[in-house]
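Those protein sequences? They're chains Z and L, same order as listed.
Quick note on this note's numbering: the first sequence kicks off at 1 and runs consecutively.
Quick note on this note's numbering: the second sequence kicks off at 1001 and runs consecutively.
Hints in this document: simulated from the structure, not taken from any laboratory.
As the structure is a computational prediction, the values presented were derived from the model and not from experiment.
Mixed in with the good hints, there may be bad ones.
Claimed, not checked - Pairwise CB distance ranges, derived in the manner of DEER restraints:
hint, chain 1, residue 1, chain 2, residue 2, range
1, L, Gly1028, Z, Asp27, 36 to 46 Å
2, L, Asn1059, Z, Gln14, 20 to 30 Å
3, Z, Gln3, L, Gln1017, 32 to 42 Å
4, Z, Asn24, L, Thr1014, 37 to 47 Å
5, Z, Glu5, L, Arg1063, 40 to 50 Å
6, Z, Ile44, L, Ala1038, 14 to 24 Å
7, L, Ala1038, Z, Gly16, 18 to 28 Å
8, Z, Lys108, L, Pro1062, 44 to 54 Å
9, Z, Ile44, L, Pro1061, 45 to 55 Å
C-beta: ideal position from N, C-alpha, C; glycine also.
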Amino acid sequence: GIQVEQSPPDLILQEGANSTLRCNFSDSVNNLQWFHQNPWGQLINLFYIPSGTKQNGRLSATTVATERYSLLYISSSQTTDSGVYFCAVEPTGGFKTIFGAGTRLFVKA
Amino acid sequence: ETGVTQSPTHLIKTRGQQVTLRCSSQSGHNTVSWYQQALGQGPQFIFQYYREEENGRGNFPPRFSGLQFPNYSSELNVNALELDDSALYLCASSLEQATSGNTIYFGEGSWLTVV
């Protein structure tokens, strides 16, 4: 089945710093989403981005489907950005969403 | 606020017991999926229901079963609980099947501890 790899696994930032999270996937996909999971377990959809670039405030994402990767950019990080960021894909011809192992982000004040 | 609600939020069960977890989908969503998330890992797909029919299943044994009701709410049932079933169980809803490329929305999850 499709493999989804996220890097880095852990990241510590000083408040105000910028960062880039990466998601590599091993096969073609219909759908790619980025989620943020807060410490209480709630998964919040950040972007639905099977291809192209989107921006939402301090966050932006780019997916290059032909090269099978996606990037999530966080600019001017804040302590509230802390949590786990997941990349999730739906393989072409599949029916289920496959999650990566996540990037655990901690932003220090 | 995603519009997806799950209950109970926390529960403790004994090994061998049975548990039922419930999920109310976002209004208008006819597809619901269930995921198991063990500590420190990403969510793992259990199964998906579309218009009351199971239309996909992950690598989980038959003691994990589900239902979707006419109002598109859903239940996850786990029989003969094992210690390794301790996890966060997440419900996600979407409009139409995920293969249509629609965004999925998650509930806050049910934390299950098996002792």
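Cross-check of the supplied hints:
1. For glycine 1028 of chain L paired with aspartate 27 of chain Z, a C-beta distance near 31 Å fails the hint of 36 to 46 Å.
2. A beta carbon spacing of about 41 Å between asparagine 1059 of chain L and glutamine 14 of chain Z contradicts the range 20 to 30 Å that was offered as a hint.
3. Here the CB-CB span from glutamine 3 of chain Z to glutamine 1017 of chain L is close to 35 Å, well matched to the stated 32 to 42 Å.
4. Evaluation of the 37 to 47 Å hint for asparagine 24 of chain Z and threonine 1014 of chain L yields a pass: the beta carbon distance comes to about 41 Å.
5. Between glutamate 5 of chain Z and arginine 1063 of chain L the C-beta distance comes to about 31 Å, which lies outside the given range of 40 to 50 Å.
6. A beta carbon spacing of about 20 Å between isoleucine 44 of chain Z and alanine 1038 of chain L agrees with the range 14 to 24 Å that was offered as a hint.
7. Look at alanine 1038 of chain L against glycine 16 of chain Z: about 34 Å separates their beta carbons, and that is not inside 18 to 28 Å.
8. Hint check: lysine 108 of chain Z to proline 1062 of chain L, Cβ distance near 47 Å, so the stated range 44 to 54 Å holds.
9. Take isoleucine 44 of chain Z and proline 1061 of chain L: their Cβ atoms lie about 30 Å apart, and the range 45 to 55 Å is violated.
When each numbered hint is compared with the structure, violations occur for hints 1, 2, 5, 7, 9.
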